[in-house]
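Place chains B and C on chain A using the hints.
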Amino acid sequence: MFPRPIQQSSRQAQILYQVALPIALVVWLLPLLGVAVTSLRPSSDLAAGNYFGLPSAIAFDNYAAVFRNSPIASYILNSFKVTIPTVIGAVALSCMTGFALAVYKFRGNVLIFFLFVAGNFVPFQILMVPVRDLTLQMGLYDTTLGLALFHIAFQTGFCTLFMRNFIRALPYELIEAARVEGVSEIRIFWYVVLPLMRPAIAALSVLIFTFIWNDYFWATVLTTGAATQPVTAGLYSLNGQWVAAWHLVSAGSIIAAMPPVLMFFLMQKHFIAGLTLGAVK
Amino acid sequence: MIYKLLGGTALAVAVLMSSGSAMAEKRKLVFNTDTSDPAPKAAMEELITLFEAENPDVDVVVNMFDHEGYKTAIRNFLTADAPDVANWYAGNRMAPFVKAGQFTDVSDVWAENGLADKLSSSLASMTIDGKQWGVPYTYYQWGIYYNKDVYKQVGVDVPKTWDEFIANCAKFKAAGIDCVTTGSKALWPIAGIFDYLNLRTNGYDFHMQLTAGEVPWTDDRVKATFTEWEKLVGPGYMTANHAAIDWQDAAALLVQGKAANYVMGNFAVAVFKDGGMTNDSLGFMVFPEISAGIPRAEEAPTDTIHIPAGAKNVADAKKFLAFVARADVQTALNKTLGQLPVNKESAVDADDPFLTAGFETVSSAAGLAQFFDRDAPAEMAKAGMEGFQEFTIKPDRRDAILERLEKMRQRIYK
Amino acid sequence: MQAFFKTHQRRLAPWLFLAPGAAFFLFYVIAPIFESMALSFYDWDGLGEATWVGIGNYIELLDDDAFYISLKNNLLWLVLYMLAIPFGLAIAIFLNQTVWGIRAYKSLFFFPFVISQVVVGLMFSWFYAPNFGLLYTLIEAVTGKGVAILADEDYVTYGIIAAGLWPQIAYVMILYLTGLNNVAPDQIEAARLDGAKGWKMLWYVILPQLRPATFIAVVVTVIGALRSFDLVSIMTDGGPYGSSRVLSFYMYEQALSEYGFRMGYGAAIAVVLFAIMMVFITGFIWKMWRDEKDH
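Protein chains in written order, with our numbering: chain A, 21 to 301; chain B, 810 to 1223; chain C, 1197 to 1491.
Excised from the complex, chain A in its bound form (with noise of 0.2 Å):
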């Protein structure tokens, strides 16, 4: 184990880590335990220019009036509107994709599986004008399913680099041995892989969900209205309203933030299964 066990360190270095530990994490957090307190600020102490010392009183009506003055439920709505479709979109497209590029050897093999790799890093901006004018032309412009598409499409690229990876390190005999059987290739992706993809499913649908709750560029190249905005434009453009009003900006952050930060919390394992693979060999 690198560094060396703390445990075999003195005792005042080992009480040492123990008290640097908690602090390194506050500092660490300073921006958001900064943004949760002034959350809970009632109006009058932010007016009163208590920024930092403790809030005169605990305001909860801060994330209630968050829900009452703006559209974020509907923001919100939309967001799982459009990240929901867009899991299981890009997972089942990818599963496809991925198993074709794992298994069967043919020409242009590695060239597609580049090509989708090489599409996945390609700025936004270069997709900008012709998606938008696309979404246009299909009547889906300012509409979550626009969006969800778009987002399907794009993510099938790190997607199928995910999942082809990923089959390839299953053990290819199984597939071998039904052959042997006269199993046929749908019946072989069916019953014999999918079943085995199930960690790697998991370990995706959590970070495709938080990357696509977390979008916002295209959020705002695609919708424009409270009607379909998904929260993190909607957040923008409430930030617009609520100039100097920190404590509701605050809570509507933390309420945006919720969804992925529960996801993550819940389903750790598989976030850091899915975000590391690779990091190691």
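Among these hints, one or two may not hold up.
[Stated by the list, open to error] Only part of the chain A face toward chain C is listed, based on derived beta-carbon distances under 10 Å: (1) LEU121; (2) VAL142; (3) VAL251.
[As the list claims (entries may be wrong)] Partial list, derived from the structure: chain C residues whose beta carbon lies under 10 Å from chain B: (4) PRO1216; (5) ALA1246; (6) THR1247; (7) LEU1258; (8) PHE1323; (9) TYR1324; (10) PRO1326; (11) LEU1346; (12) ASP1348; (13) GLU1349; (14) ASP1433; (15) GLY1435; (16) PRO1436; (17) ARG1458.
[Stated by the list, open to error] FRET-style restraints, in silico, Cβ to Cβ: (18) C:PHE1328 - B:ALA1021: 41 to 47 Å; (19) B:GLU834 - C:PHE1328: 24 to 30 Å; (20) B:ALA1021 - C:TYR1254: 57 to 63 Å; (21) A:SER76 - C:ARG1388: 52 to 58 Å; (22) B:GLU854 - A:ALA44: 28 to 34 Å; (23) A:SER76 - B:ARG1206: 41 to 47 Å; (24) C:GLU1385 - A:PHE80: 50 to 56 Å.
Hints listed in this document are in silico derivations from the structure and should not be mistaken for laboratory results. Quick reminder that beta carbons are idealized off the backbone N, C-alpha and C, glycines included.
Chains B and C alone, transformed into the frame defined by chain A:
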């Protein structure tokens, strides 16, 4: 009476045009609007109820857009899915749509209703190539809003001339108060200061030539405007860090007495009053005179209603435009909006000192500018406002900024 | 027909499995790249007809101050973003212990990465806000005069990059934590017996074993740096007077913002950004291809 008659004729025409097929069925009028903020929303709803009451055979379908999102949305729906009427802004802001053939020529509505006279203050800003392309329904004045208590505290009078204004600034500065505040994070508030300085230094015609790209930015007269501005910037009479704050943050400074004057539009009054100011502590003055003898022009950004080229129900749309231009309708509409009617036969709320002062100021002005980002084409507006912001932070870069703007001008107004 | 499929299924199956995903990807990702490239030779406001201007947009770029500012800032982003790698490694090493509650610490340190950049941007805007922001007050307390980071052309880009580094460091940290978990213990012990410790150990024994993690960390950091749109848009909108623009933001500004709608010019900026990214993409792919061959 005349209106009723005209309305009747239009109705008859519309019925004839719809070939009598669907007498029982209501005709749809699709209205896309960006009036999503509370007061404008209420005003629009009221307007539509009135219109539907007078035209029971028309059903107005409203598509409400987010105020900011609308600016990009309009470009899409005009081509993809055009409504029958849509709102927008006067001046250069409507030029791209007019030039791309996206708006319908409504000169006939103006002629039939005598609007050239009734809406005379907006005639110029609604006219491109000698035709009118929409109908204005509201505007608001700009000017200087000031904190009366601070004026008392420092012991100065409301200035009549720019020299007096600057002299006051020295006293405010000595008292630790920002003489002029603004919040230019979103850029546009800074343009209000430039517009007034230029209007007062060089006059309305020059200002319009400059925004129309007919005068080089390196012209000595432009430099003269900046020299006046330097009197504010040089001694530090403007709020520091104004580039980091929004206009509402700056409004708070005025409310708290940390700033004395604010060059703003009348919509800010609601924010000042929310912050606790009253008619006793909030004052309004016309921007003081700089070059003596120049006819006084004002800023009055105008909101308008247009008929897209792709409109399906043009007959009712024109009827709607004529309706919106009417004096009584504009009186009611602007009462809810808290703004000024464009129709000169309309009335304003006599109890609101800011509206009365604004109505007087605007209707007696020698010329009305629409605001820098509506008078100048979009790109020039952006570059210009960035230049103004930069100047107020780094005044020594004046010549470099003006040269950059001149380069932009030569490219943009080709 | 069925018989045909049965006999050739191993040749046909991959194409059938690929078809839906590939079609989507081609339609929404690959084709638009070429459309943008074509568009960069036109002048188009999104309303009327597009007019062919040849390389006019690119010539204009060469003489555009805002373009050079964006390019310079992009470079700053690239260089400074790389700090995420040593910082991430340092935190990973700091946290790679087995004491009570360490798992909770690890996830809390990772936490910023899960939050949307919009929220991160708002948090840091609050942190930097003049007159009451935490940092502003701190600086004021120390030097007597606060600095409005986001309103100062000299600091603004650094301020935004710092906000971006926060989640990026968390990401790199988690990569290294996983990597450290998998470092071969026997090699460490062997090195320890040879008397290696501290920096020497890290440099000669640990880092070589962390190479896969480092590779991914570099890839995601480069991409993160070049995609730096969200924070600029949220925190400054490119200001003050355009001094915090980056290419991705400038492109959006030119093509779609209230004062823009120069689709062709925007496309030309996007092509430049794409070309820069292509240098890196080619490098990544080349490395992946080499690894692939070794397998």
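Checklist line | Hint check against the structure, violated hint numbers in rising order | finding: 4, 5, 6, 7, 8, 19, 20, 22
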